[in-house]
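Listed in order, the protein sequences are those of chains X and R. At position 11 of the first sequence the residue is numbered 11 (our numbering), and the sequence of numbers has no breaks. Offset between the second sequence (1-based) and our numbering: plus 1000.
Note that these hints are calculated values from the structure, not bench results. Among the hints, a few may not be true.
Simulated coverage check for chain R against chain X, where a stretch passes if three residues somewhere in it have a Cβ under 8 Å from a Cβ of chain X [claimed, not checked]:
(1) 1058-1071
(2) 1076-1090
For each label pair, taking beta carbons as the anchor points, the in silico distance ranges come out as [claimed, not checked]:
(3) R:Pro1092 <-> X:Trp60: 51 to 59 Å
(4) R:Leu1034 <-> X:Asn208: 24 to 32 Å
(5) X:Ala222 <-> R:Lys1088: 35 to 43 Å
(6) R:Leu1034 <-> X:Phe15: 50 to 58 Å
(7) X:Asp244 <-> R:Leu1079: 21 to 29 Å
(8) X:Ala311 <-> R:His1018: 43 to 51 Å
(9) X:Glu349 <-> R:Pro1092: 50 to 58 Å
(10) X:Phe15 <-> R:Ala1080: 29 to 37 Å
(11) R:Ala1015 <-> X:Leu133: 17 to 25 Å
The beta carbon of each residue, even a glycine, is placed where N, CA and C say it ideally should be.
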Amino acid sequence: MPRTPGADLPDHPDFLWDDPDPKPAYDVIVVGGGGHGLATAYYLAKVHGITNVAVLEKGWLAGGNMARNTTIIRSNYLWDESSGIYEHSLKLWEGLEEDLGYPILFSQRGVLNLAHSLQDVRDSVRRVEANKLNGIDAEWVDAEGVKELCPIVNTSPDVRYPVLGATYQPRAGIAKHDYVAWGFARAAHAMGVDLIQNCEVTGISTVNGRVTAVETSRGRIAAGKVALCAAGHSSVLARMVGLDLPLMSHPLQALVSELLEPIHPTVVMSNAVHVYVSQAHKGELVMGAGIDSYNGYGQRGSFHIIEQQMAAALELFPVFARAHLLRTWAGIVDVSPDASPIIGLTPVENLFLNCGWGTGGFKATPGVGDVFAATIARGKPHEYAEPFTLDRFTTGALVDEHGAAAVAH
Amino acid sequence: MQLIPCPWCGPREEAEFHYGGQAHVAYPEDPAALSDEDWAKFVFFRANPSGPLAERWSHSAGCRRWFNAVRDTRTHDLLAVYRLDEPKPVIP
Ligand SMILES: Cc1cc2nc3c(=O)[nH]c(=O)nc-3n(C[C@H](O)[C@H](O)[C@H](O)COP(=O)(O)OP(=O)(O)OC[C@H]3O[C@@H](n4cnc5c(N)ncnc54)[C@H](O)[C@@H]3O)c2cc1C
Ligand SMILES: [Zn+2]
């Protein structure tokens, strides 16, 4: 049954939270009002009863990567450590709408990660088997299977990078990122969390190696604990206490087409040719690309990346040839050397770190919120956070997820 | 598309270049003496400022030579371009 595009979208909400001035002091200050910061505040209040919390956002709530990502959610990573945290997150996504009492349009339409070479095939099959061992739904499908799941994919062998098959995770999908942020914001606010916009953290004060306050564009605010959720700007914040992070900040672009009839039933990702496509609830084709090679904070990416992405999209989906491009934009992502996040304690007492999610942290939003909140509340890493400490770059216990990270970097 | 001034070829399109990361990172003089922390710093930690950054570029689709540049990571403006044997310019 064809449906009217957009018919299942809820109306735009009225204001869901207040816009308070900062109080002089909080038990916990969360820096960054993106999905991760909001989810962290929500679980601090809900699970740990810590409600004297402020989320400080330099711009408008969830206007950073949370509003810029391509919203893909999956948990088909290779290593046990990643399976732990991403699958924990996926399970939370599955109950999030009820938990928040707010629509998030989580659509488990499945994700195909395409393989274009014999090596891709071997790596993909290996990952599928690893996923199964971790109890994660995953299948290997051949080119015909890809065609069945997503008929508009060009599976002709006569292209430069033919589709040889794909990994398929049926429980994966997309959610509406703005609604996710608003749902967390509304629920956190209802439990007493202050969400403070236009409040840039410009300094972090310490006494005897312990965090005491943050300096902001709206004055000094004392803090028992400070938790960083600043995505692309983590390095800048950590430098305020003299801490270096093994992160590089890069522009990452995405774009959308005009509205189209429903033609794309699932999510298709190709790491080899650098394009990721899904169709938004309203009907736009949402496409992501690879990162720009150089460091950048300008929220603006290079045009040649889009050119390459469009060329790849057209070869994979010839049916898109006449779709109009509506807008493009970039976010700033913090990429770590092993393509895995850094979560946990820092050498500064009561300063907590959540960063390095790079190109793939949206899918972690509820999971990291829960795990990071527990880490902050208890002052020691949650079990799912334990493998992702900062000192893994010294011990060498890396969680190398480049192969499963899906966006090339 | 950004124009990058190669010291030998002049301004060329960004797509002709390859990015080489932070400049002036020297291989340790006495590798055997390094602690695990020092090795971690050398292998994994690079400057990531929001502002001027000295970095390496290769004109890979042109003269294929490496050079250094100071670029403002907020605006992408190239503040200076210099050869590998030249010292890092002082940016006011
Ligand atoms: C184009 C693009 C596509 C992506 N696609 C996907 C995808 O399909 N699936 C997926 O899982 N992930 C994806 N990601 C990655 C994902 O968006 C991020 O990993 C995730 O959003 C990071 O966490 P966050 O939501 O808290 O970050 P953000 O929303 O960026 O939140 C950080 C906030 O901190 C604020 N901030 C920074 N500095 C300060 C300061 N000094 N003081 C106060 N506030 C500050 C920022 O303004 C920002 O709002 C994509 C990212 C981009 C850019
Ligand atoms: Zn040249």
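Now the hints, each set against the structure:
1. With 1 residues bearing a CB less than 8 Å from a CB of chain X, the region 1058-1071 of chain R misses the requirement of three and the coverage assertion fails.
2. As drawn, the region 1076-1090 of chain R meets chain X at 1 residues by the rule of a beta-carbon pair under 8 Å; below three, the given contact is violated.
3. Restraint check, proline 1092 of chain R to tryptophan 60 of chain X: a C-beta distance of roughly 34 Å breaks the suggested window 51 to 59 Å.
4. For the hinted restraint 24 to 32 Å between leucine 1034 of chain R and asparagine 208 of chain X, the CB-CB distance of approximately 30 Å keeps it satisfied.
5. For alanine 222 of chain X and lysine 1088 of chain R, the hinted distance range of 35 to 43 Å is satisfied, since their beta carbons lie about 40 Å from each other.
6. A C-beta distance of roughly 56 Å is found between leucine 1034 of chain R and phenylalanine 15 of chain X, which places it inside the suggested range of 50 to 58 Å.
7. A beta carbon spacing of about 23 Å between aspartate 244 of chain X and leucine 1079 of chain R agrees with the range 21 to 29 Å that was offered as a hint.
8. Checked against the given bound of 43 to 51 Å, the beta carbons of alanine 311 of chain X and histidine 1018 of chain R, roughly 20 Å apart, lie outside it.
9. A hinted range of 50 to 58 Å is violated for the C-beta pair glutamate 349 of chain X and proline 1092 of chain R, which are about 38 Å apart.
10. Checked against the hint of 29 to 37 Å, the pair phenylalanine 15 of chain X and alanine 1080 of chain R fails, with Cβ atoms roughly 48 Å apart.
11. Range check, alanine 1015 of chain R to leucine 133 of chain X: about 42 Å between beta-carbon atoms, so the 17 to 25 Å window is missed.
Of the hints listed earlier, those the structure fails to meet are numbers 1, 2, 3, 8, 9, 10, 11, in rising order.
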